[in-house]
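Number of protein chains: 2
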Amino acid sequence: MPLFMSKYTNKVDGKGRVSVPAQFRASLPSGFQKSIVMYQAVNHEAIECCDLLHIEKVNDSLEGFAPYSDEHDEFSLALMSGLTELCFDGNGRIILPQELMEYAGITNFATFAGKGKTFQIWEPGAFKLELDIARRKVKEKKDLLRFRLNKTERIIKDES
Amino acid sequence: MPLFMSKYTNKVDGKGRVSVPAQFRASLPSGFQKSIVMYQAVNHEAIECCDLLHIEKVNDSLEGFAPYSDEHDEFSLALMSGLTELCFDGNGRIILPQELMEYAGITNFATFAGKGKTFQIWEPGAFKLELDIARRKVKEKKDLLRFRLNKTERIIKDES
DNA sequence: TTAAAACCCATGTTATTCCATTTAAAGGAT
DNA sequence: ATCCTTTAAATGGAATAACATGGGTTTTAA
Chain H
1 MPLFMSKYTN KVDGKGRVSV PAQFRASLPS GFQKSIVMYQ AVNHEAIECC DLLHIEKVND
61 SLEGFAPYSD EHDEFSLALM SGLTELCFDG NGRIILPQEL MEYAGITNFA TFAGKGKTFQ
121 IWEPGAFKLE LDIARRKVKE KKDLLRFRLN KTERIIKDES
Chain L
1 MPLFMSKYTN KVDGKGRVSV PAQFRASLPS GFQKSIVMYQ AVNHEAIECC DLLHIEKVND
61 SLEGFAPYSD EHDEFSLALM SGLTELCFDG NGRIILPQEL MEYAGITNFA TFAGKGKTFQ
121 IWEPGAFKLE LDIARRKVKE KKDLLRFRLN KTERIIKDES
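The listed protein sequences derive, respectively, from chains H and L. First residue of the first sequence: 1, per our numbering; consecutive thereafter. First residue of the second sequence: 1, per our numbering; consecutive thereafter.
Do not take every clue at face value.
Identical chains blur together in the list; that is why a pair holds if it fits in one copy or across any two.
Once the Cα atoms are required to be at most 25 Å apart in a straight line, the calculated DSS-like pairs of lysine-lysine come out as [to be verified]:
| id | residue 1 | residue 2 |
| --- | --- | --- |
| 1 | Lys-34 | Lys-15 |
| 2 | Lys-34 | Lys-141 |
| 3 | Lys-128 | Lys-142 |
| 4 | Lys-141 | Lys-117 |
Treat the hints as calculated values from the structure; they're not laboratory data.
Given only the sequences and the hints, what does the whole structure look like? Please build it.
Encoded structure:
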């Protein structure tokens, strides 16, 4: 599975267009490379992005609730109505929706930050501050992270 | 599988006409793109919409009840009798039925909110309030959502 | 006959597509 | 290493198409 990693800062032009880093476009699963889906990040004033396949998984998970239950209603509305699917133009750019630009405080430049299975788009200054904070927190809590066998390793283990 | 996502607010003209967002029309299954089906949302003062194929699935699931049971009677009557099928005009508009407009309190503008397999139509102000509530509830109950293998993964798993 | 629905066409706006240019990265040869 | 060449990526602007909306005309059904 290809992962989103590294960070890139690109220009946002007058129409709200930005190039999505070519590395990130290449990391999208095959068959889902035409577009990305974005929404307000839950914990920060940033835009969170993923691929459509990921969204389909979330939607499948909603079927765990009874179709007319309160929970199905609340989750489907809160999760799905806040999404925006954006297709790339011929040059790999997207147009950032006004609402999300304002939420993240983005004006002339946007920082793309890989987060593994997802990536985020930040106002560059805000990202620097947040990265600092995150790094300090990781130093404090570094012992909390435990390594697990990943999927590939589990398969190899089964075969041996 | 195409999903209804994102939200759009469109104008309702003097004749009660509204454009159904082109994205939503494109998300209708092929062969079912001429019309949508709508009814009073069970949990809110909003209009719930889906495609005919979805209604056929709901109808099929009624067969889970014994044919002359009280439940079969109650559910089939409540769910099926309140449905309205609306066809698009040449520009992708529908005419909102008076009864449903009143139920949802819609006058001059209507907010279309994606919910995955269905979408809802709200009076814009009411939607803002409800979205707020839904987001808060989801934060409280976020542990209830469990990721499930999606269809693609299940197929791969079956083959292995 | 009359009101409502279906149909048709015109318009302003917004998004998409296309092409040209600039910038940056990668590779090869000196 | 340094410079030069080649390729890919990012950026800018203009042409084009799609969409939402307004209004009018015809058809349908009560």
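For each hint, the structure was consulted:
1. Proximity of Lys-34 to Lys-15 under the C-alpha cut-off of 25 Å is restricted to the intra-copy arrangement: shortest distance 20 Å within a copy versus 34 Å between copies.
2. Taking the shortest Cα distances, Lys-34 and Lys-141 never come within 25 Å of each other, neither inside one copy (38 Å) nor across copies (33 Å).
3. With identical chains, the CA atoms of Lys-128 and Lys-142 are at most 25 Å apart within one copy only, with a shortest distance of 20 Å there and 29 Å across copies.
4. In the homo-oligomer, the alpha carbons of Lys-141 and Lys-117 lie at most 25 Å apart both inside one protomer (21 Å) and across protomers (23 Å), since each shortest distance falls under that limit.
The structure fails hint 2 only (numbered hints given earlier).
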